[in-house]
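K.L.:
Given chain A, put chain B in place with the hints provided.
Below, each chain spelled out in residue letters.
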Amino acid sequence: LAKTTQPISMDSYEGQEVNITCSHNNIATNDYITWYQQFPSQGPRFIIQGYKTKVTNEVASLFIPADRKSSTLSLPRVSLSDTAVYYCLVGPLPGGGNKLTFGTGTQLKVEL
Amino acid sequence: EPEVTQTPSHQVTQMGQEVILRCVPISNHLYFYWYRQILGQKVEFLVSFYNNEISEKSEIFDDQFSVERPDGSNFTLKIRSTKLEDSAMYFCATRTGSTDTQYFGPGTRLTVL
Numbered sequence: 140l141a142k143t144t145q146p147i148s149m150d151s152y153e154g155q156e157v158n159i160t161c162s163h164n165n166i167a168t169n170d171y172i173t174w175y176q177q178f179p180s181q182g183p184r185f186i187i188q189g190y191k192t193k194v195t196n197e198v199a200s201l202f203i204p205a206d207r208k209s210s211t212l213s214l215p216r217v218s219l220s221d222t223a224v225y226y227c228l229v230g231p232l233p234g235g236g237n238k239l240t241f242g243t244g245t246q247l248k249v250e251l
Numbered sequence: 713e714p715e716v717t718q719t720p721s722h723q724v725t726q727m728g729q730e731v732i733l734r735c736v737p738i739s740n741h742l743y744f745y746w747y748r749q750i751l752g753q754k755v756e757f758l759v760s761f762y763n764n765e766i767s768e769k770s771e772i773f774d775d776q777f778s779v780e781r782p783d784g785s786n787f788t789l790k791i792r793s794t795k796l797e798d799s800a801m802y803f804c805a806t807r808t809g810s811t812d813t814q815y816f817g818p819g820t821r822l823t824v825l
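Those protein sequence lines, which keep their order, are chains A and B.
Mapping of the first sequence onto our numbering: position 65 corresponds to residue 204, and the numbering continues sequentially without gaps.
Mapping of the second sequence onto our numbering: position 9 corresponds to residue 721, and the numbering continues sequentially without gaps.
Keep in mind that the hints were calculated from the coordinates and are not lab data.
We put the beta carbon where it would ideally sit given N, CA and C, even for glycine.
One thing to keep in mind: the hints can contain errors.
27 Å max Cα-Cα, derived DSS-like pairs, lysine-lysine [unchecked claim]:
(1) A:142 x B:769
(2) B:790 x B:754
(3) B:769 x B:795
(4) A:193 x A:208
(5) A:142 x B:795
(6) A:248 x A:142
(7) A:208 x A:191
(8) A:142 x A:193
(9) B:754 x A:248
(10) B:769 x B:790
(11) A:208 x B:790
(12) A:208 x A:248
A few chain A positions that, by computed beta-carbon distances, are all more than 12 Å from chain B [said to hold, decoys possible]:
(13) 146
(14) 153
(15) 211
(16) 217
(17) 250
Looking at chain A on its own, in the form it has when it is part of the complex (with noise of 0.2 Å):
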């Protein structure tokens, strides 16, 4: 599996734009880029996958640049409730073969 470099922690106020990259310089052909968020005391929760160029859905977009050796999480408009760790994650479908193999992620603190 592509290892994966992310920021350890982010702060931010609301309403602003949050923007976060992960490095995987050793991202393979075959391998996807995904994101997970997690809330203190829940389990991860999905929020974007992508190949290539920029994937967007109802809750951010995904950023990948040509070489895919780094990709980049954006959140518009953040507010309190965005507070949570964001893992970026790299393998194969589906999910990496299988397993999912989480980093130390980024914590991302929004404040008023």
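P.N.:
Below, chain B without anything else, positioned relative to chain A:
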């Protein structure tokens, strides 16, 4: 929206006791997983289960652990003789066969005294 449910939400047990953690998957899901998260640490994969057998297990999933789906609905994780270091949040996750998105339950907090 259908959800994965887990019971109990919190289990306190004495070291050496057996515990069974239960999960009710989303109804049309075929693949089942257990993960655990020790306080302040990463979410770690324990085991995956498909077609009534284990597909993959991690080094953590030793002989003290077992999984089964006894009645076609519940998916259980049994720890035969709990140790202090088994204290963690245990998450069940499930997915369909057509996508790789895993849906996690709310977790069971296991405290071993």
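K.L.:
Please go over all the hints and tell whether each is borne out by the structure.
P.N.:
Verification of the hints:
A distance of roughly 20 Å separates the Cα atoms of residue 142 (chain A) and residue 769 (chain B); the hinted pair therefore holds under the 27 Å criterion. Of the supplied pair hints, the one linking residue 790 (chain B) and residue 754 (chain B) holds, its CA atoms being roughly 21 Å apart against a limit of 27 Å. Distance restraint check for residue 769 (chain B) and residue 795 (chain B): the Cα-Cα separation of roughly 19 Å lies within the 27 Å cut-off, and the hinted pair is therefore satisfied. Only pairs whose Cα atoms come within 27 Å are accepted, and residue 193 (chain A) paired with residue 208 (chain A) is accepted, the gap being roughly 14 Å.
Proposed proximity of residue 142 (chain A) and residue 795 (chain B) is contradicted: the alpha carbons are some 31 Å apart, above 27 Å. Using a Cα cut-off of 27 Å, the hinted pair residue 248 (chain A) and residue 142 (chain A) holds, with the two alpha carbons roughly 24 Å apart. As the CA atoms of residue 208 (chain A) and residue 191 (chain A) are separated by approximately 10 Å, the hinted pair is consistent with the 27 Å bound. Between residue 142 (chain A) and residue 193 (chain A), the direct Cα distance comes to roughly 21 Å. Compliance with the 27 Å bound is thereby established for this hinted pair.
Proposed proximity of residue 754 (chain B) and residue 248 (chain A) is supported: the alpha carbons are some 18 Å apart, at most 27 Å. Note on residue 769 (chain B) and residue 790 (chain B): the hinted pairing holds, with a Cα-Cα distance of about 14 Å set against a maximum of 27 Å. Between residue 208 (chain A) and residue 790 (chain B) the CA atoms are separated by roughly 40 Å; this puts the pair beyond 27 Å, and the hint is violated. A hinted pair counts as satisfied when its Cα atoms are at most 27 Å apart, and residue 208 (chain A) with residue 248 (chain A) qualifies at roughly 26 Å.
At the 12 Å boundary, the C-beta of residue 146 (chain A) stays outside the reach of chain B, the nearest C-beta of that chain being 16 Å off. With a least CB separation of 26 Å from chain B, residue 153 (chain A) remains clear of the 12 Å interface cut-off, as annotated. Separation of residue 211 (chain A) from chain B is adequate, the least Cβ-Cβ distance of about 20 Å exceeding the 12 Å criterion. A cut-off of 12 Å between C-beta atoms confirms that residue 217 (chain A) is not in contact with chain B; the least separation is 22 Å.
With a cut of 12 Å on Cβ distances, residue 250 (chain A) stays outside the contact zone with chain B, its closest approach being about 22 Å.
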